[in-house]
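J.: So you can see what is in the structure, the chains are spelled out below.
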Amino acid sequence: MKQEFFNLEIKTNGQKLYEITDQTIKWIEKHNFKTGILNLSIQHTSASLIVQENADPNVQQDLINYFNKLVPMDNKLYIHTSEGKDDMPAHIKSALTNNQISLSVKDSRILLGIWQGIYLFEHRLHSTKRTIVHHFIGE
Amino acid sequence: MKQEFFNLEIKTNGQKLYEITDQTIKWIEKHNFKTGILNLSIQHTSASLIVQENADPNVQQDLINYFNKLVPMDNKLYIHTSEGKDDMPAHIKSALTNNQISLSVKDSRILLGIWQGIYLFEHRLHSTKRTIVHHFIGE
Amino acid sequence: MKQEFFNLEIKTNGQKLYEITDQTIKWIEKHNFKTGILNLSIQHTSASLIVQENADPNVQQDLINYFNKLVPMDNKLYIHTSEGKDDMPAHIKSALTNNQISLSVKDSRILLGIWQGIYLFEHRLHSTKRTIVHHFIGE
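Protein chains in written order, with the working numbering: chain A, 22 to 160; chain B, 22 to 160; chain C, 22 to 160.
Treat the hints with care, since some could be wrong.
Heads up, the list lumps identical chains together, so a pair's fine if it works in one copy or across two of them.
Claimed, not checked - Below are the SDA-like pairs computed for lysine to any residue, each with C-alpha atoms no more than 20 Å apart in a straight line: (1) LYS51 - ASN75; (2) LYS90 - TRP136; (3) LYS127 - THR152; (4) LYS127 - GLN24.
Honestly, the hints are just simulated from the structure, not real lab data.
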């Protein structure tokens, strides 16, 4: 049994879906992993990790718009306002989505659907740096 | 260490929760898996995989109703409308729930609570085919 | 390859985030697990397992308030009302969050961000007992 780790660092620049699929695949190919589980976990609670459609970029814009409407950036709605109007909504969006995904790897390929990509979903407004732990366990 | 894969194909017929627990258990028994992780991942971003109550079927109807109210099928709300009024809401519902679950298996049994079942949650209105990857890693 | 299981039992006392990080870490240290995946799954569908901020407790209160507003405890909205006004909302909140998390363990440490804690998020109003399965696979 093989286990490897890698911290992918992403500099984000506001609310957007940042695709990481290619970087994740490159790491698998580099280590020649064959079959196993790839556990991804984001080390923050104001950004998410999601698998979403990679075809029409409007889907990503609609996701951002929807979540901004669902979780308004309005300080009057929250007690925790000291880190800015976007911080508490970011924590809520994180709870509504995921901060961890386990992907299956077979024959050195991540088993994703043809229209699926892996995304860091940034919920904060300002520029920041995010760490996504990659952990492979298998052969 | 043992690893096996299986694609469960489900023909869906509109918005509903389709229970897959029995088919998943059958696959585990067929291969005589003892102890390990069963990683399930749906290969689509307009349907979800969830663990939910298997007792009162009204719970499932309430879930469908609630998600339809939370994410309205109204083209005016979205940019991505080319695939039908139910497509963008389906992507959002997918982001709000899960497209992957890791289940623990011990003594050939999936460790689920007594009232828990595994469901494919279909968000599209028309009939379609869904693939759920089953991946076992363990002994 | 090593595999171990442990059922963490938590007595809850109403809607709150109950931190379990310390108990989970203690179990890892007790067994001297080095590197692997720790799969946590809650055996109920009316409470959640989430990774959230462990710094400002107001974040936890805001999460509770937000989810109560998003999923009103109003029997008129649901068909499944036989188990109390908080039961169907609890199932919905469970679907909107997570009932399972896979955590990466390296050098006997859970790879969590500095502000991340592991929480049982209780959605029911009355006092109850919850079981969180801990399953380690690795070395």
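J.: May I ask which of the numbered hints given earlier this structure violates, with the numbers listed in increasing order?
T.: Per hint list: 1 and 2 violated.
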